[in-house]
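S.K.: Each chain, written out:
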Amino acid sequence: MAGCCAVLAAFLFEYDTPRIVLIRSRKVGLMNRAVQLLILAYVIGWVFVWEKGYQETDSVVSSVTTKAKGVAVTNTSTLGFRVWDVADYVIPAQEENSLFIMTNMIITVNQTQGSCPELPDKTTVCKSDANCVAGSSGTHSNGIATGRCVLFNGTVKTCEVAAWCPVEDNTHVPEPAFLKAAENFTLLVKNNIWYPKFNFSKRNILPNITTTYLKSCTYDAVTDPFCPIFRLGKIVESAGHSFQDMAIEGGIMGIQINWDCNLDRTSSLCLPRYSFRRLDTRDVDHNVSPGYNFRFAKYYSDLTGAERRTLIKAYGIRFDIIVFGKAGKFDIIPTMINVGSGLALLGVATVLCDVIVFYCMKKRYYYREKKYKYVEDYEQGLGGKMDQ
Amino acid sequence: MAGCCAVLAAFLFEYDTPRIVLIRSRKVGLMNRAVQLLILAYVIGWVFVWEKGYQETDSVVSSVTTKAKGVAVTNTSTLGFRVWDVADYVIPAQEENSLFIMTNMIITVNQTQGSCPELPDKTTVCKSDANCVAGSSGTHSNGIATGRCVLFNGTVKTCEVAAWCPVEDNTHVPEPAFLKAAENFTLLVKNNIWYPKFNFSKRNILPNITTTYLKSCTYDAVTDPFCPIFRLGKIVESAGHSFQDMAIEGGIMGIQINWDCNLDRTSSLCLPRYSFRRLDTRDVDHNVSPGYNFRFAKYYSDLTGAERRTLIKAYGIRFDIIVFGKAGKFDIIPTMINVGSGLALLGVATVLCDVIVFYCMKKRYYYREKKYKYVEDYEQGLGGKMDQ
Amino acid sequence: MAGCCAVLAAFLFEYDTPRIVLIRSRKVGLMNRAVQLLILAYVIGWVFVWEKGYQETDSVVSSVTTKAKGVAVTNTSTLGFRVWDVADYVIPAQEENSLFIMTNMIITVNQTQGSCPELPDKTTVCKSDANCVAGSSGTHSNGIATGRCVLFNGTVKTCEVAAWCPVEDNTHVPEPAFLKAAENFTLLVKNNIWYPKFNFSKRNILPNITTTYLKSCTYDAVTDPFCPIFRLGKIVESAGHSFQDMAIEGGIMGIQINWDCNLDRTSSLCLPRYSFRRLDTRDVDHNVSPGYNFRFAKYYSDLTGAERRTLIKAYGIRFDIIVFGKAGKFDIIPTMINVGSGLALLGVATVLCDVIVFYCMKKRYYYREKKYKYVEDYEQGLGGKMDQ
Numbered sequence: 001m002a003g004c005c006a007v008l009a010a011f012l013f014e015y016d017t018p019r020i021v022l023i024r025s026r027k028v029g030l031m032n033r034a035v036q037l038l039i040l041a042y043v044i045g046w047v048f049v050w051e052k053g054y055q056e057t058d059s060v061v062s063s064v065t066t067k068a069k070g071v072a073v074t075n076t077s078t079l080g081f082r083v084w085d086v087a088d089y090v091i092p093a094q095e096e097n098s099l100f101i102m103t104n105m106i107i108t109v110n111q112t113q114g115s116c117p118e119l120p121d122k123t124t125v126c127k128s129d130a131n132c133v134a135g136s137s138g139t140h141s142n143g144i145a146t147g148r149c150v151l152f153n154g155t156v157k158t159c160e161v162a163a164w165c166p167v168e169d170n171t172h173v174p175e176p177a178f179l180k181a182a183e184n185f186t187l188l189v190k191n192n193i194w195y196p197k198f199n200f201s202k203r204n205i206l207p208n209i210t211t212t213y214l215k216s217c218t219y220d221a222v223t224d225p226f227c228p229i230f231r232l233g234k235i236v237e238s239a240g241h242s243f244q245d246m247a248i249e250g251g252i253m254g255i256q257i258n259w260d261c262n263l264d265r266t267s268s269l270c271l272p273r274y275s276f277r278r279l280d281t282r283d284v285d286h287n288v289s290p291g292y293n294f295r296f297a298k299y300y301s302d303l304t305g306a307e308r309r310t311l312i313k314a315y316g317i318r319f320d321i322i323v324f325g326k327a328g329k330f331d332i333i334p335t336m337i338n339v340g341s342g343l344a345l346l347g348v349a350t351v352l353c354d355v356i357v358f359y360c361m362k363k364r365y366y367y368r369e370k371k372y373k374y375v376e377d378y379e380q381g382l383g384g385k386m387d388q
Numbered sequence: 001m002a003g004c005c006a007v008l009a010a011f012l013f014e015y016d017t018p019r020i021v022l023i024r025s026r027k028v029g030l031m032n033r034a035v036q037l038l039i040l041a042y043v044i045g046w047v048f049v050w051e052k053g054y055q056e057t058d059s060v061v062s063s064v065t066t067k068a069k070g071v072a073v074t075n076t077s078t079l080g081f082r083v084w085d086v087a088d089y090v091i092p093a094q095e096e097n098s099l100f101i102m103t104n105m106i107i108t109v110n111q112t113q114g115s116c117p118e119l120p121d122k123t124t125v126c127k128s129d130a131n132c133v134a135g136s137s138g139t140h141s142n143g144i145a146t147g148r149c150v151l152f153n154g155t156v157k158t159c160e161v162a163a164w165c166p167v168e169d170n171t172h173v174p175e176p177a178f179l180k181a182a183e184n185f186t187l188l189v190k191n192n193i194w195y196p197k198f199n200f201s202k203r204n205i206l207p208n209i210t211t212t213y214l215k216s217c218t219y220d221a222v223t224d225p226f227c228p229i230f231r232l233g234k235i236v237e238s239a240g241h242s243f244q245d246m247a248i249e250g251g252i253m254g255i256q257i258n259w260d261c262n263l264d265r266t267s268s269l270c271l272p273r274y275s276f277r278r279l280d281t282r283d284v285d286h287n288v289s290p291g292y293n294f295r296f297a298k299y300y301s302d303l304t305g306a307e308r309r310t311l312i313k314a315y316g317i318r319f320d321i322i323v324f325g326k327a328g329k330f331d332i333i334p335t336m337i338n339v340g341s342g343l344a345l346l347g348v349a350t351v352l353c354d355v356i357v358f359y360c361m362k363k364r365y366y367y368r369e370k371k372y373k374y375v376e377d378y379e380q381g382l383g384g385k386m387d388q
Numbered sequence: 001m002a003g004c005c006a007v008l009a010a011f012l013f014e015y016d017t018p019r020i021v022l023i024r025s026r027k028v029g030l031m032n033r034a035v036q037l038l039i040l041a042y043v044i045g046w047v048f049v050w051e052k053g054y055q056e057t058d059s060v061v062s063s064v065t066t067k068a069k070g071v072a073v074t075n076t077s078t079l080g081f082r083v084w085d086v087a088d089y090v091i092p093a094q095e096e097n098s099l100f101i102m103t104n105m106i107i108t109v110n111q112t113q114g115s116c117p118e119l120p121d122k123t124t125v126c127k128s129d130a131n132c133v134a135g136s137s138g139t140h141s142n143g144i145a146t147g148r149c150v151l152f153n154g155t156v157k158t159c160e161v162a163a164w165c166p167v168e169d170n171t172h173v174p175e176p177a178f179l180k181a182a183e184n185f186t187l188l189v190k191n192n193i194w195y196p197k198f199n200f201s202k203r204n205i206l207p208n209i210t211t212t213y214l215k216s217c218t219y220d221a222v223t224d225p226f227c228p229i230f231r232l233g234k235i236v237e238s239a240g241h242s243f244q245d246m247a248i249e250g251g252i253m254g255i256q257i258n259w260d261c262n263l264d265r266t267s268s269l270c271l272p273r274y275s276f277r278r279l280d281t282r283d284v285d286h287n288v289s290p291g292y293n294f295r296f297a298k299y300y301s302d303l304t305g306a307e308r309r310t311l312i313k314a315y316g317i318r319f320d321i322i323v324f325g326k327a328g329k330f331d332i333i334p335t336m337i338n339v340g341s342g343l344a345l346l347g348v349a350t351v352l353c354d355v356i357v358f359y360c361m362k363k364r365y366y367y368r369e370k371k372y373k374y375v376e377d378y379e380q381g382l383g384g385k386m387d388q
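Keeping their order, the protein sequence lines are chains Y, Z and C. In case it helps, my numbering puts the first sequence at residues 1 to 388. In case it helps, my numbering puts the second sequence at residues 1 to 388. In case it helps, my numbering puts the third sequence at residues 1 to 388.
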């Protein structure tokens, strides 16, 4: 019990600190301070100034809505004179972070359930019924083979299929794009962001934007960097591509909104930065499966109640709005962690200088004698002798 | 060779440990232990207890499905008595993490391709054909100007446009909202989560929820916190907004599901926490471009085969389901990293106490003499003299 | 001023390094080196080799497009012989990271606005008008009660509702699934990834994939691991489920694409790895609210201009494409941070060995005498005496 108390007293009332050799040498002293300075500069410069290690950070939570505007006219033999507006070319009508605008199409009107010849290709061209297997269906078939071989046109015979007839002829994509006027359509992007940790929220329609400005402005990286209305042609151009080329086979454009905010400063400096990137970029010399398209149909019911449909293979540009960013604000916890780590790193300076002083310098043996005290394992007398 | 062996032997068989000054002082000793205790408390308290630094963490992977239920009736001069069900007001029928419920609308029935006067506004009102430029189309136009100036109604003349006619009149949003009964619709949210690292998965329909309970319950933060069926009115109300106000011009509601799980404890304690937030909150005094709406059309074919459509400008509430969360489980690697860092931080205690003892205390010169041994660069004799 | 200069000179030109006791003991020396080796092995092995601490990392930014192919035939009494193609069974026609394929359905043709008896269940079966409250509507109602009690069929009377009539009868889900042939449909997934920090982008259609190969290949984990075309049946099977079972009530499949890339090596080694997981897995013994379905309608206009619709309750499989991954590349900053932390951890070796040498070994008192120098607080004479 008494021994225990003594140990506790020793533990509490004794302070142990390393004994230090102070070498009075300009060379070594300056070197030591230089190394310490370097480490300190690194810790402060990198961790505190560059990486803002004194801040707690949070990732952005975002909601996006989009709205396209614009009208185009087309005049073709199939459809005649026709006006296209938002309800016609935006499919589907609304999506979460994305908007598809149809720029080109292959339209097949008045399809009905029935039997008709397939499009001719390697597997469907036939000479007689023997070439067609009833009930078969390939990956690229438009329907199920009936087993008959029928005339496709004056010269070619193909296997007949049960399908929506007539089948779509997608061998030629219209060029230039059907809705090439889409280049002048505009896209309004409304974006609300929220940093949950700091309960900070902001929208990309900044407080100083008036309704009048919003009705007339168009985004421009230099003159109108905060106008949230984008001309489609400019988006594609900013990403280094040609709108008219992209419109033919479609593609995907990323509209990136970056919200990097330093919340230690006034919130009016927390601003969105827009950038544009084509997300389906492809190698020019490796052009496998390019562009973006999908099929949809409008269904009608004719006089007899039978169902007809208009099949549309829609080529177009999908605009994906990608919101990212980080906000930082001073917080005591990460500051202390980084100060601690920085102090620990300062110990490296001593290690480095020790290596130089005790291994590389001329007077290393003299210095070593001062720093080290040799203790032999079994010969106790020797231990003291070699000291000092 | 022999020298090399000696160096190796010295490297392997010698143990170097710093020489320590043990200062027998109650004041200093206690101070040292107090500082160490503080650092230890910080390391253990913050890193281990609060931040759970002994755990490996993983982010949630989630899949969400939603299903709305509810029926509303409306009785207007345009549409007559009409019942609205899920297939009518959810557009599009399914989305990935989101559901749009139409609450208000401007409906324009029986539009056909043709020519008709534009809505009157600053740019479209005209006196004669000279005011209308054929082929022109503004950002807010409904079609392409034909160049004629025609009567819009008895008193006003506007430029004629080739468009879907008659053009939509969206000057007045119906108030109160057309489908104001949507307040009582319900939304079932099914959510499966997965923590890949720990191969732990769970769904928000908890094991103790029966089919009977699921058929009758409605979410309430206090009485039914785990019922995954939400009344729309309650969601909006929980976020501090009025459903009937929001229904008029639309908006976006976030349904946040938080899955923070400590997998060191039993998995039945890993539970979803729901919260609600309006994602398109706006400043009351800065009401630019409020709400949420989009246009879509239903296409019909009349007796002559000509296409007609019903254009709907749909206002409504989009419910975005946002799933987030982190799971943690004990792991030896992060534990060791944090123990190591903690020990390194303990060295800071010695630095702090040294500063106090050797720079601030009265007996600092006496203590310094014990701690430091001065070694002069050139005068070797002096080095030993100043020691002790 | 002079004193200040002296302090500055002392600060700059003096080098302080701890005095060391060198204990010449094989046991202690080897133990010390062994502990250091362990810590070094841990730092190098774990931090550098395993965790690649010398690399800066970046998360993937991705864009996904999907395309389904395949045709199915059905022959039922309601619809007759009918062919189903992509435009019929993919709803909606395009989504961002997801694709829904209808596999089963309950179809209610020719619904019109009107009054008709509800489906019989606990709450709707009635004996007289007194049982039916006009204007009421339950959660599962198809419409608004008119207050009349009418014959549902020869034997049962139910409350009449104003609704789209006749109401949908969803008591029996067709079994086997209506479009069970969907098992052989194929899904092409096009995925472009981008690592912004390293400006590295790649697509899952690898440079060595030719158009010919792409037209004929199907993904197989062993033989064709890089073919981006998946047979639906195989996806479900790979996740350990039965396609025909899943097709009946629907479900959600995750197609996971993992892009873990070490950009210090050649970019051709950065390859996608596909895996499949059912995201709505449920406990077999806790089958509450299974599968995935939603309702949508096709609207028609009949001869009199009245609106009719075909209501479809679509059961099916939603394929969510989940892209994740990390890329790493050598960078000097994280390397230095980790080297620093590693050196700091080496100090732990000395602490551990000190505990053993000065508290556990037989000769601990002898060693302690060498290491420690005792300084008494008030009796200055004693301090020097105990030192050697």
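Calculated directly from the structure, the hints in this document are not laboratory data. In this text, all values refer to a predicted model and were calculated from it rather than measured experimentally. One thing to keep in mind: the hints can contain errors.
One copy or two, either will do: identical chains are not told apart, so a pair holds if it fits within one copy or between any two.
[What the hints assert, rightly or not] DSSO-like mimics (lysine-lysine), calculated; alpha carbons at most 30 Å apart, straight line:
1) Lys52 x Lys298
2) Lys234 x Lys180
3) Lys122 x Lys234
4) Lys122 x Lys363
5) Lys180 x Lys329
6) Lys234 x Lys215
7) Lys180 x Lys122
8) Lys122 x Lys215
S.K.: Work down the list of hints and note, for each, if the structure agrees.
M.R.: To see whether the hints hold, each was checked on the structure:
Proximity of Lys52 to Lys298 under the C-alpha cut-off of 30 Å is found in neither arrangement, the shortest distances being 55 Å within a copy and 54 Å between copies. For the homomeric pair Lys234 and Lys180, the shortest alpha-carbon distance inside one copy (14 Å) is at most 30 Å, but the shortest distance between copies (41 Å) is not. Taking the closest pair of Cα atoms, Lys122 and Lys234 come within 30 Å of each other only across two copies (27 Å); inside a single copy the shortest separation is 42 Å, beyond that limit. Taking the shortest alpha-carbon separations for Lys122 and Lys363, neither the intra-copy value of 89 Å nor the inter-copy value of 92 Å comes in at or below 30 Å.
Taking the closest pair of Cα atoms, Lys180 and Lys329 never come within 30 Å of each other, the shortest separation being 47 Å inside a single copy and 42 Å across copies. Within a single copy, Lys234 and Lys215 get their C-alpha atoms as close as 18 Å, which meets the 30 Å cut-off; across copies the closest is 35 Å, which misses it. For the homomeric pair Lys180 and Lys122, the shortest alpha-carbon distance between copies (28 Å) is at most 30 Å, but the shortest distance inside one copy (33 Å) is not. Proximity of Lys122 and Lys215 under a CA criterion of 30 Å is satisfied inter-copy only: 13 Å between copies versus 55 Å inside one chain copy.
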